[in-house]
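Colleague: Chains A and B, in that order, give the protein sequences.
For the first sequence, the positions run 1 to 357 when this note's numbering is used.
For the second sequence, the positions run 1 to 485 when this note's numbering is used.
Treat the hints as calculated values from the structure; they're not laboratory data.
Remember, it's a predicted structure, so these values are computed and weren't measured experimentally.
Some hints could be false.
Stretch by stretch, here's where chain A covers chain B in the computed footprint (C-beta under 8 Å, at least three residues) [what the hints assert, rightly or not]:
1) 101-112
2) 145-153
3) 226-237
4) 341-352
5) 369-380
6) 410-419
7) 428-434
Glycine included, C-beta positions come from ideal geometry on N, C-alpha and C.
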Amino acid sequence: MEKDLSLELQAQVTAASEQDTPLRIIGGDSKAFYGGELIGEALSVAGHRGIVSYEPSELVVTVRSGTPLKDLERVLAAQGQMLPFEPPHYGDGATIGGTIACGFSGPRRPFAGAARDFVLGCKVLTGKGDIVSFGGQVMKNVAGYDVARLMTGALGTLGVLLEISLKVLPMPEQEVTLSMPLSTTEALDVMCARAVKPLPLTAASYDGEVVCLRLSGAPSALKAAQKKIAGEVLDYGEQYWREVREQEYYFFQSTLPLWRLSLAPATLPLPLQGQWFFDWGGAQRWLASDMMPADIRDAVAAEGGHATLFRNKHYYEGIAYADVFHPLSKPVNKIHQKLKTVFDPKNILNRDRFVIF
Amino acid sequence: MSQKKLLASLKSILPSHCVLSTEEELRPYECDGLSAYRQIPKLVLLPETVDQVQQVMRLCYAEKLPVVARGAGTGLSGGALPLADGVILSLAKFNQILDVDYANRIARVEPGVRNLAISEAVGRLGLYYAPDPSSQIACTIGGNVAENSGGVHCLKYGLTVHNIAQIKVVTAEGELITIGGSGLDAPGYDLLALLTGSEGMLGIIVEVTVKLIPKPDFVQVLLAAFDDIEKAATAVGDIIAQGVIPAGLEMMDNPAIRAAEAFVHAGYPVDAAAILLCELDGGSEEELSEQVDTVSNILYQAQASQVRVAEDAQQRATFWQGRKAAFPAVGRISPDYYCMDGTIPRKQLPAVLKRISELSKEYGLAVANVFHAGDGNLHPLILYDANIPGELERTEQFGGQILEACVGAGGSITGEHGVGVEKIDQMCVQFQPLELEYFHAIKDAFDEHGLLNPGKAVPTLHRCAELGAMHVHKGQLPFPELERF
Ligand SMILES: Cc1cc2nc3c(=O)[nH]c(=O)nc-3n(C[C@H](O)[C@H](O)[C@H](O)COP(=O)(O)OP(=O)(O)OC[C@H]3O[C@@H](n4cnc5c(N)ncnc54)[C@H](O)[C@@H]3O)c2cc1C
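All chains should be built: construct the whole structure from the sequences, respecting the hints.
Modeller: Laid out in structure tokens, this is it:
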């Protein structure tokens, strides 16, 4: 079902721009929970799909944004390759465009890199109706500003992603997950202590009781690593990491607001009430809590981090500082406004979905 | 403001030894590593504190005085080339490592800290900063961020953009902003990526938080010789296709091998048409020796005439020494050389190398190739003599054609050295006018008066039109809105 809808999408955006009609960009609609309000007429990108080029020996794939993430992953897997940032799907229909627009990365992130680290280039349809390409299909490219990475995680507010070129990597030969019951401070210590050593570590989490460390690589490498670090082999390791990535793990079943705290990994446990889940070796902390947003944000900011109200934002209706995204400093906010004006001067794309300018 | 008044204002901000104004003082700043371009700046300023940088920027903003930031001046694209009516803002005095945070694997450093100084400072902790440009003993981390510099180890461990967590930047208006954060991401747009590689056009970097990674326990280096450069180029693709990601995979052709051998006596096979240097690392001896076997087999299958595996750390260092010294080595055999920096998809290596050698014959100018083969990042060094009238111009033309060949092969005009003044015309080939317009608009968003390194990196549409070096897109004539001359 390959189809290039660039021109149709361009016509829709151009018309919307002329008429000042806000557009809500939709891929698979699997991440509608994320970000600010959903405003505007639907602009469906799901039909704009297909792999434009894929050369396994180049480690590069170029794909239309509406391509289902699972289709792309299947094509890569058939060649023994993968998206190294282990993106969460959060639903069956997830598209690669939505994934890159949200900039989500899975458990492998601290050890392999984030979605943005693997974006080599993109073709975008800006709010002005222009189709422009930035970056490319090569590993290294410093010609012009890095707009492709700027688009990653911008939630479509700077442009509709049309095509994305991504660096891919070989899948590891083998993986093993080691687990160990520990207290929170011990768990943070262990995760950080492992990460400063040259181990084939590809994930590290703590669910409040048990630390799980995933090792990936050649069997000989795993054998050597297992001699160096303690822990019991977890039989259902693969399932565990999938559940963590997809937020299907029992921790994520809470109906309380789900906060995502981004912090330096060794940050001591914060004195905030709620249930905690530590991923990314401590750098991404999930907090299910109904504490006041301002209190959460202050505690995180004091440690140089930021907090995102990831799910269940409506819980806080009418309460101050309950924006989804952490507030920006004034001068940085000004730069955001100006960049938004460059790419979408009439603010038609995903209005109010991202940081509040 | 008169020069006299300007000097007085500056000296009220900076100690007088930090304001350079005589011809003798200014001369050392007239060029960067691309010495074919020279220009004496109006003044050179060497602030010592962030507050001074802010004050200087406010003054320059008020006076509409262009500002060119400068690190160590090792850039190869004229990024730090002064402007006659502008000041050079040198970050040389910001040379302190502020903080090493072992548990979080980061170091906070001032922008004038040399790249290698970071790895040296954290080496005892078993950590290092991965991007390692060949110029690492001299170049600064601020310059690295401004150019998104790479190095031998970037194939596996990424470029500058992948290895920094936060920067502090003084804006054109003199405001201090923090971009990125202490965690692995920050709210809002990815300004960290946007600023990385922005060639001093969007802000002055006054602090960088770099990521540190553990040094591998086991490392091995292979040297493979080939009697045909295309075979070597094919072997590069074969290694990657087999699922091996070496820590480094570099190639040198015969002229580069000879020059390096004569310079550092690395024991290179001087009769080989090309050599590949392949570094592998791993967590155990067993894993590493498996990798060495795999790669050796691939190399032999690709018809390597010889594969040497370093016997010890000493020999590994020797293998690398020739590569690391290749640029100065070529400098010894030719009065001048011009270093190009195109990138291409790996599979295009044989074809593009062939094209370069054809062009070399056409222009009657020799070329030595020494480059990051695993990344498809070419560094053809064109040998010339600036004292022969017209030879520099021909060299530049030749270089331009190489870059256009790279774009034609699906690549880019620059992988790591930046556009600067050098490749500004080739930007017209790689980008459409509309895309260039967006670049200009981004610049305006940060620097409305165009005071930060103006005229570099992004050509005006007019310049592209005049040049006639046209990006032909889907058969449409570019720049229909502009007059033709
Ligand atoms: C022998 C040799 C080998 C080299 N090898 C490599 C290599 O392997 N890989 C590679 O990537 N490069 C290489 N280079 C190029 C060069 O070393 C890099 O581009 C380096 O990052 C430049 O750093 P610098 O401190 O010298 O910056 P400069 O040359 O002083 O400046 C470079 C650019 O950065 C801007 N800039 C500098 N500091 C700041 C700041 N604090 N804030 C804002 N803008 C700033 C300048 O305005 C300019 O545009 C090599 C150069 C030489 C001479």
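Colleague: Each hint: holds or not?
Modeller: Going through the hints against the structure:
no. : hint    : result
1   : 101-112 : holds (count 6)
2   : 145-153 : holds (count 3)
3   : 226-237 : violated (count 1)
4   : 341-352 : holds (count 5)
5   : 369-380 : holds (count 4)
6   : 410-419 : holds (count 10)
7   : 428-434 : holds (count 4)
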